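One line per chain: the protein sequences are A and B, in this order. For the first sequence, the working numbering gives the first residue as 516, with consecutive numbering after it. For the second sequence, the working numbering gives the first residue as 516, with consecutive numbering after it.
These are calculated hints, taken from the structure and not from any lab test. Please read all numbers here as calculations on a predicted model, not as lab measurements. Be a bit skeptical, because a hint or two may be false.
Each computed DSSO-like pair below joins lysine-lysine, with the alpha-carbon atoms no more than 27 Å apart [as the list claims (entries may be wrong)]:
#1 K726(A) <-> K612(B)
#2 K726(B) <-> K698(A)
#3 K612(B) <-> K564(B)
#4 K614(B) <-> K564(B)
#5 K614(B) <-> K530(B)
#6 K614(A) <-> K564(A)
The lines below spell out each chain.
Protein chains: 2
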Amino acid sequence: METIMTPIPPEQTLKVAILVCPGFVPMDVFGAHTVFGISPNVEIHLVGKSTDELMGVPTWPTRATTSFADCPDVDVLVVGAIPHEVVDDDEVLEFFKAKAASAPAVITVCGGAFLAGAAGLLDGRRATTNFQMLDALADVGAIPIVGGRIVIDGKFVSAGPVTGSFEAAFAVLERLRGIDVAKMAELTIEYDPRPPYGVGTPELAGPEMTKASIEAYGPLATAIREHARRAFLRHRTAASA
Amino acid sequence: METIMTPIPPEQTLKVAILVCPGFVPMDVFGAHTVFGISPNVEIHLVGKSTDELMGVPTWPTRATTSFADCPDVDVLVVGAIPHEVVDDDEVLEFFKAKAASAPAVITVCGGAFLAGAAGLLDGRRATTNFQMLDALADVGAIPIVGGRIVIDGKFVSAGPVTGSFEAAFAVLERLRGIDVAKMAELTIEYDPRPPYGVGTPELAGPEMTKASIEAYGPLATAIREHARRAFLRHRTAASA
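One chain only, chain A, in its complex shape (with noise of 0.2 Å):
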């Protein structure tokens, strides 16, 4: 039976780890790391496969503070968009799949979503992605979810890009710790945001400028898409031999 979110006492420490990589991109983890950040007892680590210093694009310079060798069992898993080379990469792939295990929550957001499907772990799952990329959901086995909201299927919480980030940690967070602990984040970080310009989902912004952003996306989605796919039939074909 899987591992699901359940409450966690307010005395245990709640662990959430949060891969990094070269080429991760810093503002997909950046509201889980707030949310959890300023909640009360909630202990961070940054993963990956070494401490060694690595740059967040754009322009980040971080490393992760515990090594896949050394990362504990975690309540919280959490990816970002990772370059494709990563999402193929069996290194990283067995250790989410390790950790996703017994973790009661896996957070993904934009482009982390393909780490968790090239995985394997999305196969027969709802889950959302960034718009850009979000049918190429079905090539690792999810159900494609439209709308740009959080989508949860079991342990899974799937999020687009930015302010998914922040409002999937919210909804894991009620989950692990309590309304009133998710409550008083949202309170602390001041979470009323007014968009300037409502055109923060392609329905606002209506097809053009859908398309403009599509674009610009395109090679990148498809360099993901194309190793995401790869990855998930090696591993699907790994578990079935």
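Start from chain A and add chain B according to the hints.
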């Protein structure tokens, strides 16, 4: 005459400097990093006393990409909350004052307003910060504006925490690059947040939650207030000597 926000041609690289130091609060600058980072022809510098590794709070190791000594004149200078001792550090204050003088736009988020304030830059200006510390802005000569939205006074754009960081950046991006670029950034990051609990301001949360949040920030707020005031008076004395 002060340099203020006017359009910069698209072919000219927009230079953004984000202040980092040991104990800086990444969540306050994530929004600005995201909005500028997603936009075309932007160069982001994380600036600090040195390029040695430092730890953001909570748990985010990073380092400056550019030391104060090597920092070029920039178009946008960004600061979020920093520890009280940094608010009162003359090397940081002198750097910030010098770069703010030439920059067309200065963004302060949350406690970052107290660095600008300590440097005397908000004297007589309207400004805001996180609600837990808003009244203390008067100690550095600023006119505190209630309400959680961003406040623009000349080149200074101040904001409350987290999502204010996005919105201050949108306001600056719109003025420096035009509204079409700013709108595309809003779509690309899908900035259409849905606060899950509707308690993201003191007004929405009500007096009991608000009091608890202010009390939780008490010691931190007092320390920043005292150090900002001390630095402000010292810099004002120096300016009038």
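Comparing the hints with the structure gives:
no., hint, verdict
1, K726(A) <-> K612(B), "43 Å, violated"
2, K726(B) <-> K698(A), "14 Å, holds"
3, K612(B) <-> K564(B), "14 Å, holds"
4, K614(B) <-> K564(B), "14 Å, holds"
5, K614(B) <-> K530(B), "12 Å, holds"
6, K614(A) <-> K564(A), "14 Å, holds"
In terms of the numbered hints stated before, the structure departs from hint 1 and from no other.
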